[in-house]
Structures are given as C-alpha cells and as structure tokens.
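Novice: Each residue of the sequence shown is one higher than the one before, starting from 3 at the first, in the working numbering.
By construction, these hints were calculated from the structure, which means they are not laboratory data.
Even glycine gets a Cβ: it sits at the ideal position worked out from N, Cα and C.
Zero decoy hints are in this set.
FRET-style restraints, in silico, Cβ to Cβ:
#  : residue 1 : residue 2 : range
1  : Arg32     : Arg101    : 15 to 23 Å
2  : Ala39     : Ala187    : 39 to 47 Å
3  : Arg134    : Glu188    : 22 to 30 Å
4  : Arg148    : Arg178    : 17 to 25 Å
5  : Glu188    : Glu142    : 17 to 25 Å
6  : Glu141    : Arg230    : 36 to 44 Å
7  : Asp51     : Glu188    : 23 to 31 Å
8  : Met232    : Glu141    : 40 to 48 Å
9  : Ala187    : Pro111    : 38 to 46 Å
10 : Val222    : Ala119    : 16 to 24 Å
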Amino acid sequence: MGRMGAQYDRRPTYSAGMSIRRPSPLGGRRPTRDELADFATPDPDAIDDVLPDPRRGEELRLLIVGINPGLWTAAVNAPFARPGNRFWPSLHRAGLTSRLVDASRGLDPEDEQDLRARGIGITNLIGRATVRADELGREELRASGRRLVERLETLRPRTVAIAGITAFRTAYALPRARLGRQDPAEVEGWPSGIDLHVVPQPSGLNAHATIASLAEDWRVVAAAAGVRHMDES
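Model the full structure from these sequences, guided by the hints.
Specialist: Quick look at the structure:
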C-alpha cells in the first residue's frame with residue numbers, strides 16, 4: 003500500500019461481543035482527494051468482509067459479492083463507501099437495512115450488526131483496490147471466480163448475488179450471461195443448493211441502473227435467500 007496505508011495498523015482486533023472488522027484507518031473521517039491514490043494497493047485484504055458469525059447463531063442467507071474495492075472503500079474499510087454509489091440507498095429502498103447507511107466514513111457497528119442479524123454478508127471477487135473495476139485483467143477475474151467457488155463450500159450461503167454482469171461473464175467464461183437468476187450448473191464447481199443471481203453494478207458510473215431498479219433486484223434476491231425485510235417507513 004502507499005504512504006497512507008503504511009501509517010495505519012489494519013490488523014483485526016478481537017473483543018468479546020464486538021466486530022472483528024478493522025476500523026477505518028482514517029478514524030471516522032472522509033479521505034481527501036490527495037489521500038485516495040495512496041490506497042491503490044495489491045493487498046488482497048484491502049477491505050474486510052461483512053459476514054454473519056455462526057458462533058453467535060447468525061446464518062449467512064444472502065452473500066453479496068462486489069467486484070473489487072474502489073479507493074474510497076479501501077480508505078475507510080467499508081463496502082460500497084464512495085458517495086454517489088447506489089448500493090446503500092437501493093438496499094434501504096428494498097427494506098434490507100433499518101436506516102439509510104452512510105459508509106463514506108466507515109461502516110458503523112450498528113449498521114454492520116443490522117446486516118448480520120438479517121443474514122446478509124458482503125465480500126468481493128477481488129480484494130485489491132483500484133480506481134475502476136475495468137482495471138482488472140481477465141486471468142485475475144478467472145482466478146477470483148474459482149476462489150469464490152471454493153469459499154462457498156465453507157460459507158454456504160443460501161443465495162449469492164454478484165454485482166456486475168461484465169465481470170461475472172469474464173470470471174466464469176459465460177459471455178452470454180444476462181442479469182438475473184443464473185443456472186448454477188453452468189458455473190464449474192458451483193456448490194449444490196446455493197442459488198446464484200447477478201445484479202447490476204451499483205456504481206454511479208452505471209447509467210443503466212437506478213436506485214428504484216436496484217431495489218427491485220435486491221427484493222428478488224432477498225426473497226430467494228429468505229432474508230426478512232421491512233417497510234422503508
């Protein structure tokens with residue numbers, strides 16, 4: 003990692019009853035423009051996953067898989083953290099969070115616990131942070147696709163939703179794949195009993211997706227996963 007990343011101890015901390023995710027290395031503030039470049043890193047663990055803890059009786063029902071962290075996300079160690087990303091507004095519109103999450107300064111422990119209690123986990127195909135997802139190479143995506151399949155044998159979610167059709171097509175050599183529910187049998191090694199969906203990339207750069215359309219996609223995958231939702235009110 004660059005200069006900024008080297009200044010912070012990003013190792014997990016363990017406390018009884020507390021999250022093991024590392025806090026934001028920026029201490030709860032937003033990164034400046036000058037700082038962002040320092041978080042471009044080959045580190046495969048640039049950001050921590052959000053995962054239910056089976057030791058607490060939490061079940062992983064829905065695993066949301068981003069493509070890879072952007073620089074803002076890596077800077078604050080929080081998924082989909084960049085302002086303007088439609089992920090959190092659409093998840094809330096779908097009734098899958100208790101409140102509208104602002105992850106731009108890091109993920110609040112209360113919001114993390116809300117996700118875990120519902121059985122929602124968040125990870126990435128690729129851990130290293132880049133400015134844009136199109137900086138990722140074909141072989142890197144293929145390797146990451148295989149790693150995800152291997153991880154699913156351990157994580158065993160009910161449903162997986164991968165956020166990004168272009169990366170999905172490359173990762174699993176399925177050039178004709180379309181958004182929506184997939185046939186898991188077409189993905190080599192995909193574990194039996196795990197449903198597979200692909201939803202649009204929620205980045206503000208994706209002009210084809212709106213908060214409303216993404217919210218409908220989340221409702222579909224949440225229903226498949228058996229994730230409870232609430233009215234937005």
